[in-house]
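Per full-length UniProt numbering, the sequence shown starts with residue 1, numbered consecutively.
These are computed hints drawn from the structure, not numbers from a lab.
Owing to the predicted nature of the structure, the values given are computational and were not obtained by experimental measurement.
Glycine included, each C-beta is placed from N, C-alpha and C at the ideal position.
One should not assume that every hint holds.
Label-pair distances were calculated between CB atoms; the ranges are [said to hold, decoys possible]:
id, residue 1, residue 2, range
1, Trp201, Asp570, 56 to 62 Å
2, Asn289, Ala536, 30 to 36 Å
3, Pro114, Tyr64, 28 to 34 Å
4, Pro199, Glu113, 26 to 32 Å
5, Gly401, Gly295, 54 to 60 Å
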Amino acid sequence: MADGKEADPAVPKSRSALLNEMVTDHRAGPFHQAELLYRQALVADPNNAETWQLLGLIAHQAGYHDKGAAHIHQALLLSPGNAAYLNSLGSIYQEKGDYEQAIPCFQEVIRLEPTHLLAHHSLGSALTHVGRHEEAIATFRLGLAQAPWQPAIHNSLGEVYQRLCRFPKAMTAYRLASLAEPSFGLAHHNYLHLTNLAPGWDTGTIFDEHRFWGLRAALRQPYRYPNSLDPERPLRIGYVSADFREHPLARFIEPVLRNHNHADSIVSLYAEVPVPDEVTRRLQGWSHNWRITAGQTPQEVARQIREDAIDILVDLTGHHAGNRLDVFAQQPAPVQVTYLGSPNTTGLPAIDYWLTDKVLHPPDEPVQAVERLFHLPEAFFCFEPPASAPPVSPLPALRRGRFTFGSNHHLQQLNDDVLALWARVLDAVPGSRLLFVDRACFPEVVAWLRSRFQTLDIAPERIEARQPLRLGEPDLDVYDEIDLILDTFPVTGHASTCEALWMGVPVVTLSGERTASRLSTAVLTPLGLTDLIAAAPEDYVAQAQRLANDLDGLAALRQGLRHRMERLCDGSTFTRQLEAAYRRIWRDWCATQSAESKAVSAPRPSIMARRENPQEAAPPRMTRLNPSRTIEIIVPVRPGDRDRFPVPDVPGRISTRIQECTDGNLSRLYRDAYLDSRADLVLFKHDDFCFRHWESFEAQAWDLLQHHPILGVAGTRAFAPQRLPWWRQTAQPGLMDGLNRGMVSHPLPAGLPTSGTANGYHQTLYGPPGPVAVLDGVLLAVLRRWEGNMPLFGQFTKEDVAAWWDDAFGRHFYDMAFTFNASLAFQEAKLGPACYAMVADVTHESVGTPDRAWQEAAMRFVSRYGGAKPVRV
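All chains should be modelled from the sequences, with the hints used to inform the complete structure.
This is how it looks when you write it as structure tokens:
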């Protein structure tokens with residue numbers, strides 16, 4: 001006690017004091033001790049509803065969901081209409097997968113407490129799982145109407161839209177989730193995964209999105225690896241995945257784990273698997289070390305990997321659900337590799353290699369990846385056929401007298417282009433039907449599919465759909481009804497293609513420029529089935545029609561496919577090839593290290609250099625965050641308005657100068673500050689501009705400054721529509737053509753609520769980020785001392801750079817005048833572009849409506865610079 005006296009055991013504790021003690025024990029664990037205390041309390045007071053509730057939560061947390069639900073039912077009998085108890089009961093039902101019972105619990109919570117945000121989120125998620133998507137959308141939107149900055153609800157709303165193939169809305173929801181909480185990794189990963197699914201995206205833009213994420217996520221903390229530099233010793237290989245369970249990936253990794261040469265490879269598995277199953281236990285048996293990572297922080301997992309002395313760490317998940325790219329960002333192993341998990345670059349500079357093949361990545365094509373490609377000699381994968389696979393059945397069309405096309409893909413791989421092409425196939429084969437098989441084939445979704453095909457002049461009765469008989473397991477019997485699989489695009493099948501071929505069903509695919517569009521091609525090519533690969537939609541329809549009209553030929557092909565597939569199921573041969581790749585990668589790493597295993601700080605290829613010269617054999621290293629580099633941030637403010645905004649604080653390296661601007665001439669203020677500054681990099685930052693993540697901005701800035709000594713932040717077309725015509729008229733669009741990259745967010749229209757102040761930021765309700773479109777001088781970054789790959793920059797003195805500011809544009813267009821003059825100077829010196837417009841997790845509070853002074857400045861700008869010819873890129 002506070003006075004040093006012991007509590008008198010003869011004095012009974014109050015009920016609330018006893019309950020507080022039990023809750024403390026509950027939180028501290030172990031669970032059985034807290035359960036014992038709760039049961040003792042119920043002996044004394046069997047009608048205490050709160051104790052029954054807590055006892056139910058203990059049982060639930062220990063994995064006894066039915067017992068937990070029973071205890072909370074008892075609490076509700078004692079305290080009817082208790083919203084907290086109902087929410088706990090719904091959560092138990094939801095976690096055990098009984099969504100139909102969870103839904104009324106959450107609905108009742110919302111009826112009792114309409115502002116209960118957790119119940120809105122939980123209800124929407126439960127409705128999503130049972131296929132009541134429109135109700136789920138309405139529920140999520142009701143929650144967001146009360147709290148617009150709930151990242152988890154925005155993300156879940158995006159997932160529903162993605163299931164319904166409403167990709168633009170899904171992307172907006174994911175972006176809003178990321179804006180609400182920049183560290184909310186799930187929304188970032190969902191967004192990047194969606195860039196693969198959505199049609200209309202070019203490969204360069206998809207690459208940019210991934211690499212910008214990677215720059216934000218990258219860490220550059222030096223670490224000295226103690227691993228032995230013997231290039232021929234047994235290798236310690238670690239595999240990281242959320243899919244060491246009943247999952248398509250298990251069919252590709254199990255033959256590798258089973259066939260590893262355990263005399264030469266010490267295998268550790270890092271499993272992000274909270275609920276193991278039979279497949280989990282089988283895979284665990286093929287490893288030397290089994291580590292459960294679910295619930296652990298990136299630092300904890302990275303520490304374990306270092307303790308295990310892993311030489312080569314392999315990511316098997318990419319940006320899919322449950323990934324641990326946050327662990328790879330910690331650089332816990334000397335060599336890091338991505339493999340199998342995603343049909344795109346991770347974007348993470350900390351990953352060194354991407355294991356692929358020459359079909360996915362033809363050697364003569366530009367590389368759009370931050371990783372170095374390593375081509376395996378044959379296919380990039382090995383397939384493990386399902387042990388439960390029945391024999392290949394005869395061709396269904398010969399038995400039924402009707403041709404059946406099939407789709408065995410996730411329905412979220414559909415889009416308008418796919419459905420339109422499939423309608424053309426059905427039209428070309430009269431009387432045929434199309435059978436969808438996916439767990440998402442709920443009645444609401446099936447009705448949507450039939451309605452969509454009806455608009456394409458395909459009768460609804462020709463469209464059939466079913467869910468697998470056993471959710472989570474392959475429904476192999478369905479292939480007894482399917483004659484030919486129609487592949488999706490731009491993401492094609494891979495596991496689904498292998499499964500169909502093993503069951504004797506050919507797959508017609510449309511190959512494309514994206515890696516994701518070549519997955520089926522990478523399966524069909526080594527099997528000699530290139531006639532099933534279409535290069536254009538017309539070829540796709542023609543191939544499907546040809547096969548449907550030649551039933552005897554199709555029947556013969558069907559019976560021979562399993563034998564062909566055996567070539568891709570040789571786990572021993574494939575694993576030897578994979579181990580040879582690991583050995584070569586390890587030898588290369590050892591050759592680059594000194595005998596003392598020197599410390600490294602992000603020894604990764606330069607993203608900018610890789611983009612500009614994709615065939616470069618030995619790309620330069622990425623810029624390191626050098627602690628000796630100094631940065632000064634110049635912030636002009638109105639008189640008396642010094643404390644309005646947050647700034648980074650790194651003593652000795654980053655300083656901030658808050659300078660009152662009394663005459664409104666920002667050009668003069670910036671020029672004088674530049675001349676006066678002694679920092680290596682000078683940032684000119686408006687007071688209505690916020691870094692959401694300073695570290696990620698700084699990392700991007702230093703990397704880009706290898707190529708462009710001036711950086712600027714641009715505005716968006718969507719949130720500054722009035723500016724675009726003036727930009728086109730006045731600013732010579734060639735000034736930065738091809739150099740605008742990234743996204744920026746501006747506030748939504750006035751009148752919407754804000755979330756106040758948090759963590760020193762003035763939080764305004766920002767809309768979804770849009771691509772940069774117009775230069776907006778809320779931030780300019782200018783080097784004072786050049787150390788990059790352009791030594792000729794040294795010919796410009798600091799007085800030369802200062803002269804690029806033009807006092808005639810003190811408040812408006814000073815940014816354009818400065819970058820325009822810089823571009824002209826660089827053009828004359830034949831140095832290439834001087835300015836790069838970038839955005840990295842930033843927000844800008846201004847909506848940017850031009851006033852009269854702005855328009856007058858625009859006319860002066862035209863008069864002075866209208867005839868100039870800036871650098872075009």
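So, going through the hints one by one against the coordinates:
| no. | hint | verdict |
| --- | --- | --- |
| 1 | Trp201 x Asp570: 56 to 62 Å | 36 Å, violated |
| 2 | Asn289 x Ala536: 30 to 36 Å | 49 Å, violated |
| 3 | Pro114 x Tyr64: 28 to 34 Å | 32 Å, holds |
| 4 | Pro199 x Glu113: 26 to 32 Å | 42 Å, violated |
| 5 | Gly401 x Gly295: 54 to 60 Å | 55 Å, holds |
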